[in-house]
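Kindly generate the complete structure, drawing on both the sequences and the hints.
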Amino acid sequence: MSSITLLEAIRQGLWEEMERDNRVFLLGEDIGIYGGAFKVTEGFLGKFGDQRVIDTPISESAIVGAACGAAMMGMRPVAEMQFIDFISCCFDILTNYAATSRYRQGIGIPMVVRGPCGGGVHGGPFHSQNVESFFLNTPGLKMVEPSNPYDAKGLIKAAIRDDDPVLFFEHKFLYRNPAIKQEVPSDDYIVPIGKAAIRREGKDLSIITYGAMVYTALDAAEKLKLEGIDAEILDLRTLLPFDREAVLETVKKTSKVIILHEATRTGGMAGELTAVINESAFEYLDGPVMRVTSIDTPVPYAPPLEEFFMPQVDDVLKAARQLAAY
Amino acid sequence: MDLSKEKQLELLYYMRLTRSLEDRLDNLFKQGKIVGGLFRSLGQEATAVGSAYALDSKQGDIVSPLTRDLGALLVMGAQPREVFANYLWRATSLSRGRDQNIHITDLRRGFIGTISPLGTLVAVMNGVMLASRMQKKKAVGMVYIGDGGTSTGAFHEAANFAAVQNLPLVIVGENNAYAYTTPTTKQMRILNLADRVKAYGMPSEIIDGNDVLAVYGSAQRAVDKARDGGGPTFIEAKTFRMRGHAAHDNQSYVAKEVIEQWKKRDPIAHLEKVLRDSRIADEKDLASVEEKINNVLNADLEWAESQPSPAPEEAVGGVYATEDQPKAAGA
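From first to last, the protein sequence lines are chains A and B. Using this note's numbering, you'd call the opening residue of the first sequence number 1 and step up by one each time. Using this note's numbering, you'd call the opening residue of the second sequence number 1 and step up by one each time.
Treat each hint with caution, since some may be false.
No farther apart than 20 Å at their CA atoms in a straight line, the calculated lysine to any residue pairs in the SDA-like style are these [claimed, not checked]: (1) A:Lys195 <-> B:Val319; (2) B:Lys198 <-> A:Pro57; (3) B:Lys238 <-> B:Thr181; (4) A:Lys39 <-> A:Gln12; (5) B:Lys138 <-> A:Gln51.
So the derived list for chain A, only partly shown, Cβ under 7 Å to chain B, looks like this [stated by the list, open to error]: (6) Ser59; (7) Ala66; (8) Gly69; (9) Asn96; (10) Tyr97; (11) Arg102; (12) Tyr103; (13) Pro139; (14) Gly140; (15) Asp164; (16) Pro192.
The hints are simulated quantities; they were obtained by calculation from the structure and are not laboratory data. Heads up, the beta-carbon is just placed ideally off N, CA and C, and yes, glycines get one too.
Below, the structure is given as structure tokens:
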């Protein structure tokens, strides 16, 4: 076991799956010779050849369309979006084709579409987005976002082995972040899709979150501890279908909930989770379900603007103090 | 072209089967038994039948027809009963009442149903052929696109991708002069759909889409070339849509004279004349084709109408692999 980054964990997961199963292949922009814009697939072309590591034109619809067709015929394609922001260029294929295929024609599309998401690196409006809200309303798709190297490796393997289309979001702020390096087993393991994980046990309130915001929540929890508030943190890991039982369990335990995400506010994960909590755990609540999210604007470029845009530890503290008053 | 007497008669059979089946569907729509929309291929039967006839299911060839390519589905072995059942939203139809018209799929027989956004299936068929190549098969794919569909981004991305990857794919561009109500002059500033793929380095042929023997000949050349590793071909079939976009559309935007002109070029009448002139078939032969078709359609419609409708709760399930799957429908 050695300590590795989240990026290296994804790289290892992809590599091992390609070694294990020759149906697995990669396609995307600049993934071959260059090894990908973030170097997730560095060295793959030399090892697996250009039939299994395919450099494509800048054509997201053609890339994901080809992945769908190959998946239907028994392959296990993994398509890379150079930045997840560009996934909107293939919205039709994902929502109208991939998501509906099993329901309409009884044919699953075991495909992974993966790519770097998220802000905090001053990438501006088109290299910083979190796109889960676009797809949350599309039955037939799955969405995954790991927050640490162990999960990243286990989840990419689970996504490749899954019989349905999985969108795999890799937070670029975490890619090479040394603070979250982890020891990861070298033998084969998966992290099941659809299962959340408790990152911090607590009894006073629950922070439900995912991706890079797990660390914002952890920082906030340390500060809340000094104020005598003991926060529990639930990392969703899978956004669709999310772990309903784990969500309701933590709500029932603490009776106070903050939902924290980096995606913008309106029509986001937090709204959906709030509705589920209201429907299924209303009598357990001691206060309103609070949302801490990015503001409803495009992702701004300038550092002070982006910092204002994204949820900060202070925003979580403010929401927690409000909740504590109930 | 060398095509046996039997094969020429078979082409006639599939074209007339297409037309008669659609006539029946038209009646069912007027009776309110078919809901949603009804999209016919009247006047375009030669394009769908002649092109798919060049495919070989034994080699794993696979086709993705558009709504106006019922003939291609029939050539690949789809049964009229399956078409009736799907249009009549029966629980035992191939889509089990979940999708409309001829959006039906059977990978075993080699057809993949289209979806309504245009150009998408060209991109998907690229992947089907990529898989075929990786699996060391010699299969050829065929996918259709209309004049309107060639204006979509998905079509252009996919055509370019097919060319770059040198995939064994035949794209049949059906130029039937109208995209719903919009004439090709408002789709593009060029005369031919085929000119659109020149920039991608994809070879093309332009043919009379109402001459089934010409369509077949062109498709067979393209299929052979694709199977031999020669890459994709675009075939532009010039034809005409003899009805509105769907049953509700009375085609008021098309000049009567234009329709009259195209009536004289009816693809079925054309082949029948060829068969008579070359003494391959006489009136008796032609009448027996018609009789055979009527018998098939009578039996198949009766079967389809006797099938159950889906129970309301069958709307649930089959979205994910982990859920209970509805029972697969049989052929």
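Tested hints:
1. In summary, the hint linking A:Lys195 to B:Val319 is supported, as the alpha carbons are separated by about 19 Å, within the 20 Å threshold.
2. Our distance criterion of 20 Å between C-alpha atoms is met by B:Lys198 and A:Pro57, whose separation comes to about 17 Å.
3. Taken as a hint, the B:Lys238 and B:Thr181 pair is honoured in the structure, with Cα atoms around 17 Å apart against an allowance of 20 Å.
4. Between A:Lys39 and A:Gln12 the alpha-carbon distance is near 12 Å, which keeps this suggested pair within the 20 Å criterion.
5. Straight-line distance between C-alpha atoms of B:Lys138 and A:Gln51 comes to about 16 Å, which keeps the hinted pair within the 20 Å bound.
6. Residue-level restraint check for A:Ser59 holds (minimum Cβ-Cβ distance to chain B is 4 Å; threshold 7 Å).
7. Annotation: interface hint on A:Ala66 holds; nearest CB of chain B at approximately 4 Å, less than 7 Å.
8. About 2 Å separates the beta-carbon of A:Gly69 from the nearest beta-carbon of chain B, less than 7 Å, and the hint is met.
9. Interface hint at A:Asn96: satisfied, since its Cβ lies 5 Å from the closest Cβ of chain B, which is below the 7 Å cut-off.
10. Residue-level restraint check for A:Tyr97 holds (minimum Cβ-Cβ distance to chain B is 6 Å; threshold 7 Å).
11. Against a cut-off of 7 Å between C-beta atoms, the interface hint on A:Arg102 holds, since the closest Cβ of chain B lies about 6 Å away.
12. Using the Cβ-Cβ criterion of 7 Å, the hint placing A:Tyr103 at the interface with chain B is satisfied: the shortest such distance is roughly 5 Å.
13. For the restraint placing A:Pro139 at the interface with chain B, the shortest Cβ-Cβ distance is roughly 5 Å, inside the 7 Å limit, so the hint holds.
14. About 5 Å separates the beta-carbon of A:Gly140 from the nearest beta-carbon of chain B, less than 7 Å, and the hint is met.
15. Interface restraint check for A:Asp164: the shortest CB-CB distance to chain B comes to about 5 Å, inside 7 Å, so the restraint holds.
16. For A:Pro192, the interface hint is violated, the least distance from its beta-carbon to any beta-carbon of chain B being 11 Å, above 7 Å.
This entry does not satisfy hint 16, going by the numbered hints stated previously; all others are met.
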